[in-house]
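**Student:** Sequence:
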Amino acid sequence: MRYTMIIIKTFLIILFVHLIVLREFAAGCFITTKQRVYIISHLPRDSEPLKLHCVSRNDDLGYHTLHTDEDFHWSFCESFLIPRTVFTCQLWWGSKNKSFDAFKQPWFEPVVRDHTYWVARSDGIYFFDNGLPEGHIERYDWDN
Numbered sequence: 001m002r003y004t005m006i007i008i009k010t011f012l013i014i015l016f017v018h019l020i021v022l023r024e025f026a027a028g029c030f031i032t033t034k035q036r037v038y039i040i041s042h043l044p045r046d047s048e049p050l051k052l053h054c055v056s057r058n059d060d061l062g063y064h065t066l067h068t069d070e071d072f073h074w075s076f077c078e079s080f081l082i083p084r085t086v087f088t089c090q091l092w093w094g095s096k097n098k099s100f101d102a103f104k105q106p107w108f109e110p111v112v113r114d115h116t117y118w119v120a121r122s123d124g125i126y127f128f129d130n131g132l133p134e135g136h137i138e139r140y141d142w143d144n
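Note that my numbering gives residue 132 to position 132 of the sequence shown, counting from 1, and the numbers run on in steps of one.
Derived by calculation from the structure, the hints in this document are not laboratory data.
You may find that some hints are simply not true.
[Unchecked claim] For lysine-lysine, the following BS3-like pairs were computed, each having C-alpha atoms within a straight-line distance of at most 30 Å:
| id | residue 1 | residue 2 |
| --- | --- | --- |
| 1 | K51 | K34 |
| 2 | K104 | K34 |
| 3 | K98 | K34 |
| 4 | K51 | K96 |
| 5 | K104 | K51 |
| 6 | K51 | K98 |
[Unchecked claim] DEER-style ranges, computed between Cβ atoms:
| id | residue 1 | residue 2 | range |
| --- | --- | --- | --- |
| 7 | D143 | Y63 | 39 to 45 Å |
| 8 | H67 | C29 | 15 to 21 Å |
| 9 | D60 | N144 | 23 to 29 Å |
Note that the Cβ used here is the ideal one computed from N, Cα and C, for glycine as well.
With the hints as constraints, model all of the structure from the sequences given.
**Tutor:** Here it is as structure tokens:
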């Protein structure tokens, strides 16, 4: 009888742990951080729209057209065992273009942000970390 109770308790504990793990997987990322990347058009209103295409090794996010003050965004879970998540985006605006890594998971250091913002302006592509406007940095000039 005592042996049967130990087996039942062990089974219930294992079942409980599995349910918690499954709930975490269903809710989003487990162990790693859920990342969100935004591409935002802050181009002049009377100009051509921004066109973009973003891909990773596993995902092609398709081609998108953004008008002024519109955004395209996506979310994903970082790789856990081997940090290798990289999303590369190609942006076109009229005769100008730029290709860059919109997200690149660093090796051997934690990613301390969970939101990455890229803003296309007429004078270049700007980076905002976690959406703090005072922290914007011009990262790229447009290529002609």
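**Student:** Which of the numbered hints above does this structure break?
**Tutor:** Of the numbered hints given earlier, those the structure breaks are 7 and 8, listed in rising order.
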